[in-house]
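*Asks:* Those letters in the sequence shown? Residues 1 to 359, by the working numbering.
The hints are simulated quantities; they were obtained by calculation from the structure and are not laboratory data. Hints may contain errors.
Straight line, CA to CA, 25 Å or less: simulated DMTMM-like cross-link-like pairs of lysine to aspartate or glutamate [to be verified]:
| id | residue 1 | residue 2 |
| --- | --- | --- |
| 1 | Lys28 | Asp293 |
| 2 | Lys28 | Glu278 |
| 3 | Lys127 | Glu105 |
| 4 | Lys127 | Asp53 |
| 5 | Lys28 | Glu249 |
| 6 | Lys28 | Glu38 |
| 7 | Lys28 | Glu283 |
| 8 | Lys28 | Asp218 |
| 9 | Lys127 | Asp103 |
| 10 | Lys28 | Glu43 |
| 11 | Lys28 | Glu292 |
| 12 | Lys28 | Asp296 |
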Amino acid sequence: MNTSPAFRPLPSLAGARAEPVPGLRLQKLRRAALDAREAFVREGPVAAVATCDLVTFPYPAQFAFSGAASSPAPYVMLTNRMQVVQFVDREGARRTLLFNPSDYERGVSAPFYRALRERYGAFVSDKVMSTRHGSVQSHLAALGLIPADVDYLAFDHLHIQDLRGWLGGDGMPAYFPRARLLVQRAEWEVALEPHPMQAVWLVPGGADIPRERVVLLDGDVWLGQGAALLSTPGHTRGNMSLAVATSREVFVTSENGVATESYTPLQSAIPGVRRFAEHMGWEVVLNGNTREDSLDQYSSMVVEKLFAGTSSVEGAFINFHPSSQLTAHVMAPGLSPTIVLPAPNFGDVRPTPASRRAA
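Model the full assembly from the supplied sequences, consistent with the hints where possible.
*Replies:* This is the structure we're talking about:
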């Protein structure tokens, strides 16, 4: 395993998370999230970020809004997205991170989606219920990047991820010759030894990669100017969120929520969501396909909400951008997003000559 001394913790949040009483912990996290955001923004914007659509796929409607949405459709449609982030680290080097570079060709081997494919067949699964927008490889080529430009890979969580094609292992060559995986220790431990209730979402053997390619994280890390990974446990034990500061605002990305309105449910036009939030007294509505740590997930979503702040485009909504974005689709009546904010894009992603020379 690797550690990286170039990364430093964000202030405030770790201390608040140490509070053992969930209600008090949430109170402390509210203040800590605002303090951490202030420090994060003060250091200035990220060098560049580009958002790339990968694939639209079905996801059980009962999970998307914790059962709140009223629709006869069994599935919502989500569009998985990758962020290409370039930041300047503490040593002054420009680094490239791929956040959620899903290898969706191999991800369908997760038991949940393998069973779905067997139920509906290859044609319906591939041509009707899913749409491919582009691969990790094609998006990087369009941005003028080569595999050797990539320093780090990270995922908000490891559901339906197969890392072997990117980082090598199980007889496969590594597509990215230099990249290392940034992952929360709790997430990595589950990926290696999942409980049966967790295993349905994990690709068998998907984490069988060389251990020297893995950097274990324990909490929030400040990657460099304008870029951080927030520890946001709940959806999974080691869930984390990407935070990116531009010159105008802060973007936060994860799959704790499937839509921007998951963080402002009283603004939702999806039938049932607002009524559910009012009845329960919830300020956020969870993406609830796992029940391991729902209290933590709620608190993590509040942290994401406060760290992101409001959108500069639509001030009634939070500047949260799901890594798997709720998408309007004819097969999901009544389950279209109330609003889709402009995707996180800022600056110019460019090749890094130093990285190429090192490769």
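*Asks:* All hints are to be evaluated individually against the structure, with a verdict given for each.
*Replies:* Going down the list of hints, with the structure as the test:
1. Among the hinted pairs, Lys28 with Asp293 is consistent with the structure: their alpha-carbon atoms are about 18 Å apart, no more than 25 Å.
2. This hinted pair checks out: Lys28 and Glu278 have alpha carbons roughly 24 Å apart, not beyond 25 Å.
3. Taking the CA atoms of Lys127 and Glu105, the gap is about 14 Å. The hint holds against a cut of 25 Å.
4. Restraint check for Lys127 and Asp53: satisfied, since their Cα atoms lie roughly 17 Å apart, inside the 25 Å limit.
5. For the hint linking Lys28 to Glu249, the alpha-carbon distance of about 24 Å falls within 25 Å, and the restraint holds.
6. Under the criterion of a C-alpha separation no larger than 25 Å, the hint pairing Lys28 with Glu38 is consistent with the structure, at around 16 Å.
7. With a C-alpha separation of about 17 Å, the suggested pair Lys28 and Glu283 falls inside the 25 Å cut-off, and the hint holds.
8. For the given pair, Lys28 sits about 19 Å from Asp218 by alpha-carbon distance, which is consistent with the 25 Å threshold.
9. Between Lys127 and Asp103 the alpha-carbon distance is near 18 Å, which keeps this suggested pair within the 25 Å criterion.
10. Between the alpha carbons of Lys28 and Glu43 the distance comes to roughly 23 Å, so the proposed pair stays at or under 25 Å and holds.
11. Distance restraint check for Lys28 and Glu292: the Cα-Cα separation of roughly 22 Å lies within the 25 Å cut-off, and the hinted pair is therefore satisfied.
12. For the given pair, Lys28 sits about 13 Å from Asp296 by alpha-carbon distance, which is consistent with the 25 Å threshold.
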